[in-house]
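Enquirer: Residues per chain are reported as follows:
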Amino acid sequence: MDSMSSKQKTIRTVLYWGLPVLAVVLIIIGWISFSSSNPDLMPTPLDVWERFIRTFTRPVAKTTLIGHAWASLRRVLIALFIAWAFGIGFGILIGWNRAARAFFGSIFEVIRPIPPIAWIPIVIMWFGIGEFPKVLLVFIGTFVPLVINTSAGIEMVDKINIHVGRIFGGNDKQILKEIVIPTALPSIFAGIRTSVSSGWTTVLAAEMMGAQQGLGSLVTRGWQGSDLSLVLVAVITIAIIGALLAVILQKLEKVVCPWNNK
Amino acid sequence: MTADKQKLEAKWSAYKETQKRENRKYLLLSAAGILTVLTLWQAVVMMGLVDSKLLPPPTVVLQTLMDKIYSTVPDGNTLGTNIIASLKVALSGFFVAIIIGVPLGLLMGWWTYADRFIRPIFELVRPVPPIAWIPLVVVWMGVGLKAKALIIFFTAFVPCVINSYTGIKLTSQVLIDVSRTFGAPNWLIFWKIGIPSSLPMVFAGIRVALGNSWSTLVAAEMLAASAGLGYMIQIGRTVARPDIVIVGMVVIGAIGAILSSILSRCEKYFLRWKVNR
Amino acid sequence: MEQQVKRLEIRHLSKTFFSQKGYFTAIDDVSFDVYDGEFLVILGPGRCGKTVMLNIIAGVEEATEGQIIYNGKEWKGLNPEIGMVFQKLALMSFKTVIENVELALKFRGMKKEERREIARHYIKLVGLEGFENYYPRQLSGGMQQRVGIARAYAANPKLLIMDEPFGKLDAQTRYQMQEDLLKIWEKEKRTIIFVTNNIEEACYLGDRIILLSDCPARVKEVYPIDISRPRDMVSKEFLDLRTVISDNTDLSI
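Chains as they are written, first to last, in the numbering used here: chain W, 1 to 262; chain R, 1 to 277; chain D, 1 to 253.
In isolation and in its complexed conformation, chain W is listed as follows (with noise of 0.2 Å):
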């Protein structure tokens, strides 16, 4: 270890809880100073700061924002449910049988690559705008990434541990259970990871192209009235739930795996 002198240290310490203080306020300074000379562009903090409030005392299409922040996420929790249900299933069963690989997944193939924003016209053509179509586009979004990530989860696991099974007397159905599962639950879990962010953009998508409430809702009437401290606002709410989310499947996965904690 080289030794540092106490001056060094000081300017260590200063550049490193400086640097990203200094970070914010440009930003800061620089939303402000953008806004101000370009006010049809750009709303002030101030602007967004009001409009934040309005949205609670004078709700867009009768609803406070807290409204259409969980209408937009009661229809992912919908959605990932159903999606997890089927699609961890689903994953498994093709991760583990290679018939079932061979036959059921030339199909998934050929509908992955589709993203799931690109199904919203066809959606929309067949059942129109209301709460099943926007479930179902992000039923579609989740499912894929779910599945992706549970069968190579399966795939992966070492032929090892299925040769433990066996020596000790496991048939397939015990193996699956108490063996390759468990291992795969990682992968499982970023396929649930994925699934979840995946939704989130994909209900936002959906409710952009027409919807009465929801945060994309929200999004697309302050784009077409030219109202940007209200898009603001709906994208910040977007923003920090979206973080939330992801935050709390982290301490969802320490607490389903504990095995791998310090």
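Hint data in this document are derived by calculation from the structure and do not stem from the laboratory.
Note that this is a predicted model, so its numbers are computed, not measured.
Watch out, some of these pointers could steer you wrong.
What the hints assert, rightly or not - The list that follows gives simulated cross-link-like pairs (lysine-lysine, DSBU-like), each with its CA atoms no further than 30 Å apart:
1. D:220 / D:73
2. W:173 / R:25
3. W:177 / D:124
4. D:112 / W:173
5. D:21 / R:268
6. D:73 / W:254
7. R:268 / R:20
8. R:5 / D:21
9. D:111 / D:168
10. R:268 / R:88
11. R:7 / D:158
12. D:187 / W:177
To be verified - Non-contacting residues of chain D with respect to chain W, defined by C-beta distances greater than 10 Å in every case (computed):
13. 88
14. 116
15. 158
Said to hold, decoys possible - If you want a taste of the chain W side facing chain D, the calculated C-beta under 10 Å gives, among others:
16. 156
17. 160
18. 163
19. 182
20. 194
21. 197
22. 258
Virtual Cβ for every residue (Gly too), placed ideally from N, Cα, C.
Using the hints provided, position chains R and D relative to the given structure of chain W.
Expert: Only chains R and D this time, still in chain W's reference frame:
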């Protein structure tokens, strides 16, 4: 020993035969999977269970695909024009994101001060779903190529930075220490050890970026464009031509798959030293 | 004196691996006997056929030629009376020590109280009492190997196969484990087939040593060992035995 050798040769031929048969079996199963879906699809429409105005049968979709190669109905461009328009936007945003994002991520992972300064800015951009950028960017910059490429840039940028950052953070401390004992300066260790060892993660990030780019491009084109595949399927919807929409979806998927396999080739080339278990 | 009952007979075992590009023979015409209750060591250079042979005996791989005769009858495939300790450990990282040890019993459908009892007995036998609820990650290499041994013992096999179980351990732990294994074996006698590439270990542990050649593996020689236990690694008879074997060996070390 010759008798044994003959026996072995015979067993080897038998093995190769069985392998061939197995591979054929799985190939047939794959084909059967797709054929079953197509047949069901065709049957459901032909039997009148589903309105062909909502779901055109595969035969009609195929026909439309052929037509669209030359026809500009209903969106004003041929299929080729749309494909090129989409690729132009997607790839420009994508490549700029790689050129800026990967070095940035590597730098942030290696130098603490770069990390401390850039991090807050990055953490602001990161949680915003790419689609949400569309209205903002459109208001600022209109609907031209630059605006859409910027939107694609945002969505491809994030995974490039994150994965490059993680990749270089995972550089083996042992390798770094060994290089130090040989007297290598910091930047050289970064260049010769940090960067090559983080390549697998960098490529994983690029892969995600590609998927994001293509997907966001479709969204951007559906909301604000006058050409491109996303635009095409949006128009298809408004004029009630589901066959156009399905053709669009299939082409979007096909091109996405092609881009992805090109990336895989590049990855195999750059990572040819990597051993697969 | 060992009983002369043959537990296992390997007759003309061969294994050739086929691929699209060609074939490769790992085991070529190997024959030997395993007597009931003995500690048999198979000594051979690394990376060649030993693990494959064990896999064939355990029933998870098939031989290209040859027969396995167990208790006088020909046997193919998995054998519930054979247990195995793996070189690569293969402990389930998501199961606690006791859950790992009781695996075979759980597969057999035993009730929880019963299998916990048995598992605890073997955890105690290998000296890991108190660690029942730890995860493998929290244990040292030597301790993890003990879990593997307890797991194999808990399955109550008549024949226990051990595939270089101490290969990855440092020298000190290795010596300790060798001693402890013999103690465990004295307490609960099983027939053991122990595979290693270390001459010293082979001489210390075995009743008999089967020396294998380099690839493709063939039986070079069988050495019965008459030195009584506990053996002294620096006694004259031990060192003489070592020299005899190492002169005959293809081992590169």
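Enquirer: If a hint holds in the structure, say so; if it does not, say that too.
Expert: The hints, checked one at a time:
1. Between residue 220 of chain D and residue 73 of chain D, the direct Cα distance comes to roughly 26 Å. Compliance with the 30 Å bound is thereby established for this hinted pair.
2. In summary, the hint linking residue 173 of chain W to residue 25 of chain R is supported, as the alpha carbons are separated by about 25 Å, within the 30 Å threshold.
3. At most 30 Å may separate the alpha-carbon atoms for a hinted pair to count; residue 177 of chain W and residue 124 of chain D meet this at roughly 28 Å.
4. Distance restraint check for residue 112 of chain D and residue 173 of chain W: the Cα-Cα separation of roughly 19 Å lies within the 30 Å cut-off, and the hinted pair is therefore satisfied.
5. Our distance criterion of 30 Å between C-alpha atoms is met by residue 21 of chain D and residue 268 of chain R, whose separation comes to about 22 Å.
6. Of the pairs offered as hints, the one joining residue 73 of chain D and residue 254 of chain W is violated, with about 51 Å between alpha carbons and a cut-off of 30 Å exceeded.
7. Taking the CA atoms of residue 268 of chain R and residue 20 of chain R, the gap is about 26 Å. The hint holds against a cut of 30 Å.
8. Note on residue 5 of chain R and residue 21 of chain D: the hinted pairing holds, with a Cα-Cα distance of about 16 Å set against a maximum of 30 Å.
9. Taken as a hint, the residue 111 of chain D and residue 168 of chain D pair is broken in the structure, with Cα atoms around 35 Å apart against an allowance of 30 Å.
10. For the hint pairing residue 268 of chain R with residue 88 of chain R, the CA-to-CA distance comes to about 25 Å; that is within 30 Å, so the pair holds.
11. For the hint linking residue 7 of chain R to residue 158 of chain D, the alpha-carbon distance of about 36 Å lies beyond 30 Å, and the restraint is violated.
12. For a cut-off of 30 Å, the pair hint linking residue 187 of chain D to residue 177 of chain W is broken: about 34 Å separates their Cα positions.
13. Against the 10 Å criterion, residue 88 of chain D falls within the reach of chain W, whose nearest CB is about 6 Å from its own CB.
14. With a least CB separation of 16 Å from chain W, residue 116 of chain D remains clear of the 10 Å interface cut-off, as annotated.
15. Remark: the non-interface label on residue 158 of chain D is consistent with the geometry, its nearest Cβ contact in chain W lying 14 Å away (cut-off 10 Å).
16. Checking residue 156 of chain W against chain D by beta carbon gives a least distance of about 14 Å; that is not within 10 Å, so the hint is violated.
17. Residue-level restraint check for residue 160 of chain W holds (minimum Cβ-Cβ distance to chain D is 5 Å; threshold 10 Å).
18. Interface hint status for residue 163 of chain W: upheld, as the beta-carbon distance to the closest one in chain D is roughly 5 Å, under 10 Å.
19. Taken as an interface hint, residue 182 of chain W checks out: its beta carbon lies about 5 Å from the nearest beta carbon of chain D, inside 10 Å.
20. The interface hint given for residue 194 of chain W is violated, since its Cβ lies 22 Å from the closest Cβ of chain D, which is over the 10 Å cut-off.
21. The restraint placing residue 197 of chain W at the interface with chain D is violated, with a minimum CB-CB distance near 25 Å, outside the 10 Å limit.
22. Against a cut-off of 10 Å between C-beta atoms, the interface hint on residue 258 of chain W holds, since the closest Cβ of chain D lies about 8 Å away.
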